Each structure stands twice: as structure tokens, then as C-alpha cells.
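Protein chains: 2
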Amino acid sequence: MELKEARERLMTLQAKMSAYDHALGILNYDGETTAPKATADNRARSMGVLSEEVYRLQTGEETVSLLEFLDEHKDELTEKEQRMVFLMLKDIRQMKKIPMDEYIAFQMLLAKSQDVWHTAKETSDFALFEPYLTQVYDGVKKIAGYCAPGKDPYDYWLNEFEEGVSKEYCDKFFGELREKLVPLIKKIGEAPQVDDSCIKGHFPEYKQEEFARYLMKLIGLDLDHVGLSTTEHPFTTSLGSHFDERITTNYKLDNVSSSMFSVVHEGGHALYDTGSADDLAYTVLDGGVSMGIHESQSRFYENLIGRSRPFIECIFPKLVELFPENFADCTPEDVYRAVNKVEPSLIRTEADEVTYCLHVMIRYELEKRVVGGELEVKDLPAEWNRLYKEYLGIDVPDDKHGVLQDSHWSFAAIGYFPSYALGSAYGAQFMKKMRETIDVDGCIAKGDFGPVNAWNREHIWKYGSLLKPGELLEKVLGGPFEASAYVEYLEKKYTDIYGL
Amino acid sequence: MELKEARERLMTLQAKMSAYDHALGILNYDGETTAPKATADNRARSMGVLSEEVYRLQTGEETVSLLEFLDEHKDELTEKEQRMVFLMLKDIRQMKKIPMDEYIAFQMLLAKSQDVWHTAKETSDFALFEPYLTQVYDGVKKIAGYCAPGKDPYDYWLNEFEEGVSKEYCDKFFGELREKLVPLIKKIGEAPQVDDSCIKGHFPEYKQEEFARYLMKLIGLDLDHVGLSTTEHPFTTSLGSHFDERITTNYKLDNVSSSMFSVVHEGGHALYDTGSADDLAYTVLDGGVSMGIHESQSRFYENLIGRSRPFIECIFPKLVELFPENFADCTPEDVYRAVNKVEPSLIRTEADEVTYCLHVMIRYELEKRVVGGELEVKDLPAEWNRLYKEYLGIDVPDDKHGVLQDSHWSFAAIGYFPSYALGSAYGAQFMKKMRETIDVDGCIAKGDFGPVNAWNREHIWKYGSLLKPGELLEKVLGGPFEASAYVEYLEKKYTDIYGL
Chain A
1 MELKEARERL MTLQAKMSAY DHALGILNYD GETTAPKATA DNRARSMGVL
51 SEEVYRLQTG EETVSLLEFL DEHKDELTEK EQRMVFLMLK DIRQMKKIPM
101 DEYIAFQMLL AKSQDVWHTA KETSDFALFE PYLTQVYDGV KKIAGYCAPG
151 KDPYDYWLNE FEEGVSKEYC DKFFGELREK LVPLIKKIGE APQVDDSCIK
201 GHFPEYKQEE FARYLMKLIG LDLDHVGLST TEHPFTTSLG SHFDERITTN
251 YKLDNVSSSM FSVVHEGGHA LYDTGSADDL AYTVLDGGVS MGIHESQSRF
301 YENLIGRSRP FIECIFPKLV ELFPENFADC TPEDVYRAVN KVEPSLIRTE
351 ADEVTYCLHV MIRYELEKRV VGGELEVKDL PAEWNRLYKE YLGIDVPDDK
401 HGVLQDSHWS FAAIGYFPSY ALGSAYGAQF MKKMRETIDV DGCIAKGDFG
451 PVNAWNREHI WKYGSLLKPG ELLEKVLGGP FEASAYVEYL EKKYTDIYGL
Chain B
1 MELKEARERL MTLQAKMSAY DHALGILNYD GETTAPKATA DNRARSMGVL
51 SEEVYRLQTG EETVSLLEFL DEHKDELTEK EQRMVFLMLK DIRQMKKIPM
101 DEYIAFQMLL AKSQDVWHTA KETSDFALFE PYLTQVYDGV KKIAGYCAPG
151 KDPYDYWLNE FEEGVSKEYC DKFFGELREK LVPLIKKIGE APQVDDSCIK
201 GHFPEYKQEE FARYLMKLIG LDLDHVGLST TEHPFTTSLG SHFDERITTN
251 YKLDNVSSSM FSVVHEGGHA LYDTGSADDL AYTVLDGGVS MGIHESQSRF
301 YENLIGRSRP FIECIFPKLV ELFPENFADC TPEDVYRAVN KVEPSLIRTE
351 ADEVTYCLHV MIRYELEKRV VGGELEVKDL PAEWNRLYKE YLGIDVPDDK
401 HGVLQDSHWS FAAIGYFPSY ALGSAYGAQF MKKMRETIDV DGCIAKGDFG
451 PVNAWNREHI WKYGSLLKPG ELLEKVLGGP FEASAYVEYL EKKYTDIYGL
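Protein sequence lines, in the order shown, are assigned to chains A and B. Using this note's numbering, read the first sequence as starting at 1 and increasing by one per residue. Using this note's numbering, read the second sequence as starting at 1 and increasing by one per residue.
So that you can see chain A by itself, here it is in the shape it has in the complex (with noise of 0.2 Å):
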């Protein structure tokens, strides 16, 4: 084989595989936000055809030899094409350890097990849910077996959401995070509560789609490529490349601020991917590089901005415009402490900043219990009920607003949670650092996200998946990552909001 033939390959092999991509995304978007009630079967047919392509275009003989080929000549590749080769070739090399029929049977497992997670948590029905989750499960543990055999299996699944995290370096984070955050909640909890009854009310959903668009545009997200669906679970995807981006949200019609938040969160997704260097499109370095610099940037967007007084400020006007029976009577300074307010509560993604980690640290002990064979699946509603209690000191009245509250362990994400955290408190250094060369708070208070999205696109989005998470996280911030950024922030604001 040539070289130069070779490298002509490499490229049309992401094409395609980019095309499956969107294939299986659009059919997975489609379940989730148009499709008929009972086509879940039918789509779970034909995604687990394209999947055994996938599988085979992956992993078959002429694609393992094709990268193999240009591993051995890694010298003469660009710093590009050498990371595609080494992504591709560490996905082959753990996909040939699963057998393909149980590769294709568990990608039909999780179309199935999120559609009935859907009715599930609709009917707060976890006997249903409970033989699909336990499968899920048992899938999860069995890859790992097969991926990495001899290897603690939660840390397989920890390392492979975020490269280099482990059990021993989440509890030690979440350590960290549990001494600062435990005295500081403790302390809130008994000076006088905000109130947040100016964002509380009836707020129509074509009114909350109308604040969305424009909330999606006032952060930078060019609407021509990027779009916004309702979902039960808000999310984002890519589909085929960063070129066609979509979001979901879901509008509680008596509270504005959870829809608004969302939007905001998965705007952070989007603006990374979408951010993407344009020659990166269509190969394995489009979109960004691991969970937890991802929730880095979505968090990002959603709190560090989202929740900081010159946005509020900013999106005033708007929802006095929007809503003007509800927000006549306020100040900004009201809205700010209302979507600031540190209360516990049943709803991980509805969570305050301050106590959102206990909620992602249940999570984080459940599923390291499972996975480790000390918890059974059918005893995970009442542990969670229990968690609940012991952190946050309050009673889940039933799963839908407990255990099946998030869609993640319906598709496998187990070992995603943690990342939540990580991200959040990459999010806080990364401020840190742009704060040293960027009025944030005055251009933000002005509704110009240039600045801001300049600075994450130059050394954060553009890159993709060129660099390593630990790499980026290195060059952004000019030394280790640090938990500390993280908690002398929420000190600082909280302290403030609360005259502590």
C-alpha cells in the first residue's frame, strides 16, 4: 500500500463513518422527540442493522490493516492524522475483544431499555423498567470484561467517560468537595432563605420556546446549524458533523427557569462542538474530546454565566418583554437570587449549584455499588430513597422524581455522572484563567459573547479531539487542574447571596 493512498483512505473512512453516525443519531433523535409511540421496535431493527455495519466498518480486516499500516509509518503522519490512527485503532483494538453478537444484541438492548424508561418514568413504574436496567448492567460489566479483563470494571467505565479518573481519583475529588461544600450548605441552611417567586408562575410553552431562541442566540449558537427540539431529558447531539447541531429542552409551564437553564447547559454543548475547526469535520477529531471537559463548558455556560448577575442583567429586559405579568415588580437583583437559590431538592438537573454535587455523588456511590456486585438493580429505588435522605435530608415521594429521574443508565451511560462534577469544576479554573485577560462581567452585562466565545474557541473548542483532556487541560490553564477554583467560587458567591 502506499502512503499517499493510505492517507486518502483514512479520511474516506471517516466519511463514511460519519454518515453512519448521523444515520443512527437521527434515528435515536427521532425516537426521542417525533416519533409514534410504538415505532421503538421497528427502530430498534433497523439500528442494530446499521450498528452491525458500523461494527464491521470499525473492525473489519481492511480498516485494521489500513491503520495498522499507518501506525507503522505514525513519523510520516500529520500531529492529526496521527491522533485519528491512534483513536481508531484504541477503539478497534476494545471492539474486537466484544463479540459482535452481543455488541449488536446490546445496541438493541439500550433502543429498547430507553424507550421503556421513557414509559417508566412516566407511569413512576421501576418494576418495568428494572429487567432492562439489570440487563443494561450486566452489559456494561460484561464489556468491561471483555475490554479490560482483570480490571476493576467501574474504573474501566470512570477512565473511559474521562481519561485517567478512577474510583481512587473521585473519591478523592468528591473528598474535597464534600469538606468544603458540607459546612458551606450547613451555613446557608440556616440564614434567611431568597425568595424565588418571580420565577414561579405560569409561563406558556410558545413563550419559553420564544425565550430559548433567544437565549440560544444571545450565547452565540448560529441557529442556522443548530437546532432546539423538547425532550423529557434534554440533551445534544451532532449529527453527522458539527455541522448540524441540535438541542433539546423541556418547559415546565410554572417555572421559567428550568427550560432557560437547559437551553443555556446544552448551548455550552453545542457551542464546543460546533466549534469544532471546520477541517475537522467529518473524521473521529470533530466535536470535543471527553465528557468532562465537555460538562466543562456546558456548566460553564449554565451557571458561570448563566447564573452570574451581569447575564441576569443582560436577559432582563427580555423577560419583562416576554412575561410581563410575571416580572413586572422585580428588580434583576430578585431574578439573580431567585435562580441562585441553594435549597435541596429531588431533580438533579434542577439543582443549585452548591448542592447539584450531592446529587451526582449518589449517583457516583450507586453506581460504583452495582457495578461492584454490592447492590442489586431492584434494591436501587430504595438505597437512592435512602442516599436522599442521609445528603440531603429529604423524602422521595416516588421514583419518577428518584431513581428514574435521569434517562442516563437507559443507554449505558454508567460512569458518566461523575464527569458532571469534573466539568464543573474544570468550568471554574477555566474562568479563572479568562478572567486574567477578559472583562467577563462587562461584556456579558452587555449581551457580547465574543470575547467569552473567543477565548473558549482559541483554546478550548477548535481543537476537537486533537488533544488529550489532560494535554488541554494543561495548556489552558499553564499547570495541574485543581478542585480549589471550583470551591472558592461557590464560597465567594454564596457568601455574598447569602450575607454569610
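What the hints contain is simulated information worked out from the structure, not anything from laboratory work. The structure displayed is predicted, hence computed values, not measured ones. Just so you know, nobody snuck in bad clues.
Far from chain B, by Cβ distances over 10 Å, these chain A residues were calculated:
(1) Arg7
(2) Arg93
(3) Pro149
(4) Thr437
With a Cα cut of at most 30 Å, we get these calculated DSSO-like pairs of lysine-lysine:
(5) Lys112(B) <-> Lys97(B)
(6) Lys207(B) <-> Lys207(A)
(7) Lys207(A) <-> Lys252(B)
(8) Lys462(A) <-> Lys433(A)
(9) Lys252(A) <-> Lys37(B)
(10) Lys90(A) <-> Lys141(A)
(11) Lys97(A) <-> Lys16(B)
(12) Lys217(A) <-> Lys112(B)
(13) Lys378(A) <-> Lys37(A)
(14) Lys16(B) <-> Lys142(B)
(15) Lys151(A) <-> Lys96(A)
(16) Lys207(A) <-> Lys37(B)
(17) Lys37(B) <-> Lys37(A)
(18) Lys207(B) <-> Lys252(A)
(19) Lys112(A) <-> Lys16(B)
(20) Lys142(A) <-> Lys16(B)
(21) Lys207(A) <-> Lys318(B)
(22) Lys217(A) <-> Lys37(B)
(23) Lys468(A) <-> Lys141(A)
(24) Lys16(B) <-> Lys96(A)
(25) Lys318(A) <-> Lys207(B)
(26) Lys207(B) <-> Lys37(A)
(27) Lys37(A) <-> Lys217(B)
(28) Lys172(A) <-> Lys475(A)
(29) Lys97(B) <-> Lys141(B)
(30) Lys462(B) <-> Lys80(B)
(31) Lys37(A) <-> Lys318(B)
(32) Lys16(B) <-> Lys4(B)
(33) Lys433(B) <-> Lys468(B)
(34) Lys207(B) <-> Lys200(A)
(35) Lys112(A) <-> Lys462(B)
(36) Lys16(A) <-> Lys16(B)
For each residue, glycine too, the CB sits at the ideal point set by N, CA and C.
Starting from the known structure of chain A, arrange chain B on it as the hints suggest.
For chain B alone, kept in the frame of chain A given last:
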């Protein structure tokens, strides 16, 4: 090869093709319904890759030798298997004649040209669409040349959309219609015009959507398997199998009948598709057999049922409930007359039953001449406008309301339009036959679609593509198809309405 194994492989192959159809179908559907504006190139790219895979799958050596083997053993196959092999070999023998790079380029052109058509229609800018439409017509002629060298290319495409149909056949059929309908239209034009003010006014979109879902349920669609979306031009599509069907409509805020009859029309297509016997799913026999038979069902529900007195009587209470201000002072008879107003008009999809065929004839004439080389694409707008003046006596104000109104040409459905008129005529003869055993008016007046749908399922739907259109017609009608049932139906109905 063992016959048993070959028969199994035949089913696996079709299941695989269904999955690709599903992927291509949902990509197209997303483009029409949900996708952000600037994502067409990205989508075209993915569809190009997947079409290439379909081409390989359908015409690859492995497939060809499998089908040739089964064809040699056809006496040992079931009737269904024989038909599958026949249809797949027919497609292969044709596709094999098209060079692969041209086939792929054409698929990508179609994705792009549909996108450009949307913009061109929106801005009434034919010049924007012209270069794409020229390429589509060139492609259509070229494909006909590859598949049926020596045959007239328009004859080739007419026969593709409806087996057995040719220019000669159409000239005769349209001639018969013209002979009877032109005098009828003249007489109607001289009679006092009916008042259709009750269906005009203001009809909010969300109420029209509720009405659409009511109509879908009423005519017997299973909403757990049939979805509804909004598009520029209404259409119906099956995704993967008849278990996932989508119809679309377009709401006009000033006219309740536009979406209403689109829904019933597309609903007819969806009833036909979803009425395929379940054991035809994931095979090439799933879904309707031809465009003509398909239109016979859509126009059966739209006109023979939907524009009948008993149907209007049945839905009248719902109209009053949803739009009290519009219908409080009306009678069902007012609505019946309004939805059957005959008046030469600009838009085919909104034309009355009597002038409808003239719209089709104009497209037929134009297509015939462009494919035949007697007319250039750039001259289509002027010719369109001239024929509308000549046939219908009206002036076309702009291309949006003229040559750009239909999406069909943008996706190479050239030779398709005659099937609308043929389908209408088939449907009228089906209705005549159905009335021999069923009290159609009595059932519809009660809103009981059971017997009507059961008759259609038993005689038409359940066969999917098992029977050829000609065989099906003969089996249903117990004799030859004749245009007379259609002409007689129109004469009788409109003589009554207009008191001729």
C-alpha cells in the same frame, strides 16, 4: 448453495435494505420537518454515503448471485418469494445499467435540489432553482437512457411510476376526461356560484393541529404508529416498515379546508401503507404497489369520502366545537357546498375535484415536452403561465403560485403526476364496487370507518406489493378499469350541487 439457506438470506437481505431505507427516509424527513436551515449539505453528504452502500447492497455480486440462484429455483418458491425475487432482480437489472458514480451524484443532487427548491419557492425565484432542475431533468433522461435504451424516456418514467402506462395511454385517458369535464366545468361556470365563506376566516394553528389529529383517528389511523408533522408540501412516508408511518400537513391560517383535506389525503396513503399484511414487513412487498394505486387510496379518502355529504355531516359537530366563531351560524350543507366549490385556481393541491385533472394535464404536457426535448427548463415558467391561462383561464401572479408550487420535480418525480388523475379514476371505480356490498354513506355518516376500511384492507391494502397494479385492479373490479365511473361520479355530484 442450499435453497433453504438462500431463502433465509433473501429475508436477511431485505431486512438490511429496510434499515437503510429507514435511515435514508428519516434523514429526508428530518430535512423536511425539523433540521436547521443550513444543514442540507451535511445531510446530502451522509445520504450520498448511505446511498452508495444501498447501491452496493442491491447490486453487489453476492446479491445478484443469490437472486439469480433463487430465480432458477422459482418453482420451489412461495408466491411471495417469487414476487420478491422478481422485484429485486428488476431493480438490480436496471440499477446495474446506471454507472455507480452517476447514481450517487444524482442522489446527492436530489438532496441539494430539494433544499434549493424550498428557498426558491419561498422567494419565488425560479432562476435560483433552474440550474438544479435542469440537472434533474438531464439526470432523469440519462437514467432512462441507461435503463431502457431506445425507449422513449418519458414513456420509461410513466411506466416506472405506473406499470403499463405510456404517453399513448395517457393521451387517451386525459382525452376522455377532457371530453366530459370541459363541458361540465363550462356549465358549472355559468351556474350561480356556491358560497364558501364558512371555511374561510381565522383558524389558529394549534386548533387546526387538534382537528388534524381528530381526523386521523376518525378515518381509522393508529396514532401510536402514525405521526403528524408540518412541512411546506404535505407527504407520507414509511420508515423502515409499515409499523412507523409519518404524514405531514401544512396549516393555512385563513382556510380550514386546506390542511383538513391534506390530512385526509395523506391519511389515505398511510392507511394503505399501514394496511399491508404484517408478514410483509421488512420485505420489498411491504407498502403500496404503485403510485396510481396509492393515489387511488389517498384521493378515495380525500374526495369520495372526505368531500361527501355524510362525511361533512359526521365531522360538523367537531368543527363547531373547535371553531365556534366560524361555524356557529352554518349548516353541514353549507360546509358540504363550500368544500365542493368548483373554481379554476392556481394551486393543484387545493383545487376542487373537477378542475383538478386540468392541473395534472398541464404538468403532464410540460414534463412530456421537457423530457422530449421540445421545451427547455428555462422556459417552463412562461409555458406554465400560458397553459394556466389557456386551460383554466387564470393569470399566474408569480412562480411561487405557479411552476414552483410542487416539490415533485425537485426530487425527480417526473412522470408521477398522471398517477394522481389515474388514481382518482381507480378510486371512483373502487367506490362503485364497494357500494355493491356496503352502505358506505350510512357508515360514514355515523363515523364508522370499520366496514369501509375492512373492504379496502381485504381487497387492496393487505397485498402490499404482492400483486401487480393491473392484477390488483382486475381482482378488485372483476373486470377492466374504465374512466367512466369517475366521470359519471363527477357529473352526478356536481349536477346536484350546482343544480345543472
